[in-house]
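Asks: Sequence lines, in order, name chains C and W.
The first sequence maps to residues 1 to 240 in our numbering.
The second sequence maps to residues 1 to 240 in our numbering.
Keep in mind the hints are simulated off the structure, nothing from the lab.
Just so it is clear, the structure is predicted and the values come from calculations on it, not from any experiment.
Do not rely on the hints blindly, as some may be mistaken.
A pair counts as met if it fits within one copy or between any two copies, since identical chains are not told apart.
As the list claims (entries may be wrong) - Below are the SDA-like pairs computed for lysine to any residue, each with C-alpha atoms no more than 25 Å apart in a straight line: (1) LYS206 - PHE173; (2) LYS200 - SER168; (3) LYS48 - CYS134; (4) LYS206 - GLU192; (5) LYS152 - GLU218; (6) LYS215 - ASP135; (7) LYS169 - ILE62; (8) LYS206 - ASP21; (9) LYS206 - SER88; (10) LYS169 - SER191.
Number of protein chains: 2
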Amino acid sequence: MNTEAPVLEVCFSPALLHLYDTRNTVVVIIDVFRATSTIAAALGNGAKEVIPVASVEDCIRIGQETPNSLTAGERDGKIAPGLAYGNSPLEYPRSFVEGKSLVLTTTNGTRLLHMVNDADLIITGSFLNLTAVCDFLLSRRQKVLLGCASWKDRFNLEDSLFAGAVVSKLRPFFQVNCDSARAARHLHESSEGRYLDFLKDSSHYKRLSGYGLEKDMEYCTTPDLHPVVPIYQAGALVGL
Amino acid sequence: MNTEAPVLEVCFSPALLHLYDTRNTVVVIIDVFRATSTIAAALGNGAKEVIPVASVEDCIRIGQETPNSLTAGERDGKIAPGLAYGNSPLEYPRSFVEGKSLVLTTTNGTRLLHMVNDADLIITGSFLNLTAVCDFLLSRRQKVLLGCASWKDRFNLEDSLFAGAVVSKLRPFFQVNCDSARAARHLHESSEGRYLDFLKDSSHYKRLSGYGLEKDMEYCTTPDLHPVVPIYQAGALVGL
C-alpha cells in the first residue's frame, strides 16, 4: 500500500455517512437502480443538466421555473402524479433529451446527494459511466468516498457491486484500508463481471422486475454506454 | 424460497439496527475479534456465566458484588487499569475459569447487545461456536437477525464473514430476502473456508496484529472449538 496515495473508502448507507470525513474529498453518489444510471444516460445523450430534487412538489415547481425542461420521477414504479416522465434511463434518448434540463426526483439517490455538505466535489457513478468515473478519480489524485444510496438506508447489492468495480480498478493507486471497500471488491470478484446475473438475486431486482422493468436493469448493468462524468454544482448535475 | 419458513436477515452495524424489527426474533450478537469468541471460550470451558458490561467502572463494581468472579477488559490492546484480565479467549482455560463469573467489558459487542431491547432471545455467535449456534437456530424455527457489532459502527469484515457462514448453513431452511445476508454469503464463499487468511486483509486484523495478537485471531477463526450457545438472560450470558 502506497502511503503517499490518496485514501479510498466506501460507505454502504446514508445512515453511516456521519462516520466518514468528506472534507477535501470527491464523493461519488451511487444509485444504480436507477437514479445515477438515468443521470448518466441523460447527460451522455446531451441533456444540458439534471436537477435532482427530493419531492414531487419541488419537481413540479422547478420544472415550471426552468425553460426547456422535463419533469420526471416515479413512486412505486409508476410516473408520479403531476410529472411527465419516469425514472428509466431508456426514456431519454438523444433525440428527446438533447439540450434540455431534466428535473428528476428520486428518493434514495437524491437524499444522499443532499446529505453531503462539505465535500470538495460531488459526482455520480453507475455502470453506464464506470470507466469515465474511474479515469476522472485517477486524474484528480484526491481522497475519494464511494457513497451507496442504498434502499431506505439498507445495504443493497447493486450499489455495493458498483463500488466494488471502482475499488477493483483504483486500488493500485489509492490507499484502501476500509473493510467496506474490501467487501465491495470481493462482491465484484464474485460477480465475475456478469453484473445482471449476479443482481438477479437482489431485493431491488426482484422489486423492479415486479414492475416489469427487466430491460431497465439490463441497461443499467451495461458498462460504459455513456462515458460522462456528472458533476454537481449550483444545484444541478452537468456532464464533464 | 420457502415462504412458510422464518425470515433470516443480517444487520451490518449497530447504526443500522433501527431498520430491523427485532420483535419475535432471535438476535445473534457477533463480535468475532474478540468479545463473542471470548464468551464462547469462557462458557465452553465451564464458566458459570459471562456478565457483559459497558464500562470499566461497571466492571469493577459488579466484580466486587459478584462472588467468585473475574473482571476483564482491554482498552487499546492492554488490560484496562483496575481490571485483572484481558479480552483474549486464550486467557480462559477450564482450569482457570470453571465455575466462575466473568465480568467482561468490551466496546462494540456489549454496546450492540444492550441496544437490542425487544427481541425474544439474544444469543452470541463466533466461529468457535458456529455449528452450535446454527443448530440452535434451526431447532427454534423462528425469525433470526444476525447482528454484527462492527467497529465503532463501521462495517467490518470478520463479523460479516461469520454472518455469511451462518447464512450459508441456514439458507435452505429460512427465507433470505436481505441483500446484507446475500453479500455476507458471497464473502463467505470468497473466503473458501480459509477464514484467517481471508481476514489478514482486514482493518481489525491489522490493528490487533499491531498489538501482537495474531495467536488470538488464529484461535478466533477456528470453527467449533467450543460447542456452546451463550444465551442472554437477566443481565448475564449462560451456556446452553
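Asks: Broken hints, numbered, in rising order?
Replies: 6, 7
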